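If you read the sequences in order, they're chains A and B.
Numbering of the first sequence is given in the working numbering, commencing with residue 1 and proceeding in unit increments.
Numbering of the second sequence is given in the working numbering, commencing with residue 1 and proceeding in unit increments.
FYI, nobody ran anything at the bench for these hints, they're computed from the structure.
Treat the hints with care, as some may be off.
[To be verified] BS3-like cross-link-like pairs, simulated, lysine-lysine; straight-line CA separation at most 30 Å:
no.	chain 1	residue 1	chain 2	residue 2
1	A	K113	B	K40
2	A	K78	B	K36
3	A	K73	B	K41
4	A	K78	B	K41
5	A	K73	A	K55
6	A	K113	B	K41
Bear in mind that the values here come from a model prediction, so they are computed numbers and not experimental data.
Here is what each chain is made of, one letter per residue.
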Amino acid sequence: AQTVTQSQPEMSVQEAETVTLSCTYDTSESDYYLFWYKQPPSRQMILVIRQEAYKQQNATENRFSVNFQKAAKSFSLKISDSQLGDAAMYFCAYRSYNNNDMRFGAGTRLTVKP
Amino acid sequence: DTEVTQTPKHLVMGMTNKKSLKCEQHMGHRAMYWYKQKAKKPPELMFVYSYEKLSINESVPSRFSPECPNSSLLNLHLHALQPEDSALYLCASSQDWRAGATYEQYFGPGTRLTVT
Numbered sequence: 001a002q003t004v005t006q007s008q009p010e011m012s013v014q015e016a017e018t019v020t021l022s023c024t025y026d027t028s029e030s031d032y033y034l035f036w037y038k039q040p041p042s043r044q045m046i047l048v049i050r051q052e053a054y055k056q057q058n059a060t061e062n063r064f065s066v067n068f069q070k071a072a073k074s075f076s077l078k079i080s081d082s083q084l085g086d087a088a089m090y091f092c093a094y095r096s097y098n099n100n101d102m103r104f105g106a107g108t109r110l111t112v113k114p
Numbered sequence: 001d002t003e004v005t006q007t008p009k010h011l012v013m014g015m016t017n018k019k020s021l022k023c024e025q026h027m028g029h030r031a032m033y034w035y036k037q038k039a040k041k042p043p044e045l046m047f048v049y050s051y052e053k054l055s056i057n058e059s060v061p062s063r064f065s066p067e068c069p070n071s072s073l074l075n076l077h078l079h080a081l082q083p084e085d086s087a088l089y090l091c092a093s094s095q096d097w098r099a100g101a102t103y104e105q106y107f108g109p110g111t112r113l114t115v116t
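Please put together the full structure from these sequences, using the hints given.
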């Protein structure tokens with residue numbers, strides 16, 4: 001079974017600075033999808049960014065970008081120009097190519113300091 | 001409209017009660033999901049419905065009974081719950097549930113359930 005590991009339970013960043021959240025995963029599959037979800041204190045989970053494993057180019061969404069290293073099974077999230085509204089729990093998630101069963105990492109709680 | 005709604009927001013029930021959680025989406029999505037999330041933990045998948053048929057049941061105890069009356073509505077019926085079932089119950093939906101596509105899951109705000 002696939003497992004997702006987020007080794008940083010908590011991270012802190014100064015407003016306007018850059019922070020990187022780590023995620024590694026274990027799989028024997030060659031095709032799959034990776035996601036970063038954000039869950040603010042209000043609890044509604046929203047998608048931040050997604051990456052298809054067959055794509056070599058790293059995904060970017062405005063201030064959010066990923067560093068996808070397929071051979072290393074690593075999928076880190078970089079947040080540039082951090083804003084107070086970025087404070088949340090961030091979950092890395094893996095989804096198999098063959099189904100929509102999504103597996104989440106334990107999460108990283110990000111604090112943004114003004 | 002990219003909204004998934006859930007009612008109620010909070011629910012307190014005794015171990016002998018019967019209650020239901022409701023989830024609704026009007027995005028035309030054909031896959032809907034129930035997740036359980038304990039405090040400071042990631043969501044854990046419970047059930048998946050695809051085209052109103054149960055596709056995945058992750059070995060959830062029978063005291064949780066899902067129902068999908070139509071493509072927009074998903075219910076979770078609760079009966080004889082235990083205190084350890086207290087958690088945030090999240091509903092999600094996606095356009096479809098098929099291999100080979102990055103169907104994003106849209107999450108609702110959740111129902112905070114407390115079993116006394």
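To see whether the hints hold, each was checked on the structure:
Between A:K113 and B:K40 the CA atoms are separated by roughly 21 Å; this keeps the pair inside 30 Å, and the hint holds. In summary, the hint linking A:K78 to B:K36 is supported, as the alpha carbons are separated by about 28 Å, within the 30 Å threshold. Between A:K73 and B:K41 the alpha-carbon distance is near 22 Å, which keeps this suggested pair within the 30 Å criterion. With a C-alpha separation of about 22 Å, the suggested pair A:K78 and B:K41 falls inside the 30 Å cut-off, and the hint holds.
As the CA atoms of A:K73 and A:K55 are separated by approximately 14 Å, the hinted pair is consistent with the 30 Å bound. Under the criterion of a C-alpha separation no larger than 30 Å, the hint pairing A:K113 with B:K41 is consistent with the structure, at around 24 Å.
Checked against the numbered hints given earlier, the structure satisfies every one of them.
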